[in-house]
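Those sequence lines, one after another, are chains Y and R. Numbering-wise (the working numbering), the first sequence opens with residue 1 and increments by one. Numbering-wise (the working numbering), the second sequence opens with residue 1 and increments by one.
A hint or two may mislead.
To give an idea of the chain Y side of the interface with chain R (calculated C-beta under 7 Å), a few residues [unchecked claim]:
(1) F28
(2) T49
(3) N101
(4) K103
(5) G109
If you're looking for bench data, these hints aren't it; they were derived computationally from the structure. Since this is a predicted model, take the numbers as computed values, not measurements. Backbone N, C-alpha and C define an ideal beta-carbon position, used for all residues, glycine too.
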Amino acid sequence: GAVVSQHPSWVICKSGTSVKIECRSLDFQATTMFWYRQFPKQSLMLMATSNEGSKATYEQGVEKDKFLINHASLTLSTLTVTSAHPEDSSFYICSARDTRNEKLFFGSGTQLSVL
Amino acid sequence: DAKTTQPTSMDCAEGRAANLPCNHSTISGNEYVYWYRQIHSQGPQYIIHGLKNNETNEMASLIITEDRKSSTLILPHATLRDTAVYYCIVMGSQGNLIFGKGTKLSVKP
């Protein structure tokens, strides 16, 4: 079946640094990818919709200048957490839509810890 | 976008069928119902989706009522590895999936 690869699985960084997370669709092209964030014992919260070749659409309350999204190709979207702070520590998950069957597949997630 | 309502938690005996209900009374005619599950610290796993007809695959069956206002996910023979949080979701107008709180299913030996 379709697979979405997310990298890295976990990252620890110092406060004030930037972290980039990659999301790749391995066997299908994804014109649209989605980025979610999940805090402990809570559900996934949609952060933004990433569209290939155009600007991302951010959900209300999500700072676009802090969470930079780039969707440069049909198989790759990246999320960069800029000037990370401890409150940005969370589990970040990407997903990609396979338009051949309307299924949405998820990456394995990235656990970000900001010290 | 239509919202869903699920019980917070459910228990199921190993080897028995697990029936997870979901209400989506505001669903519109062209919105699909999707089911995903999430095991701790992993990305959600696709289970099944449907529009009007009942669906079955190697993982589960999805029963959608005729008025489409509710559905039931059936795991025919639950195992301990099926312990997870199960999310019933109606696909949003942007093609995204808006997650509710889901049902925490505990399969017990």
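Hints versus structure:
Look at F28 (chain Y): its Cβ only gets to about 13 Å from chain R, farther than 7 Å, so that hint breaks. Annotation: interface hint on T49 (chain Y) holds; nearest CB of chain R at approximately 6 Å, less than 7 Å. Proximity of N101 (chain Y) to chain R is violated relative to the hint, the smallest CB-CB distance being about 9 Å (cut-off 7 Å). Proximity of K103 (chain Y) to chain R holds as hinted, the smallest CB-CB distance being about 6 Å (cut-off 7 Å).
A hinted interface residue such as G109 (chain Y) counts as satisfied when its beta carbon comes closer than 7 Å to some beta carbon of chain R; here the least separation is about 5 Å, so the hint holds.
Checked against the numbered hints above, the structure violates hints 1 and 3; every other hint is satisfied.
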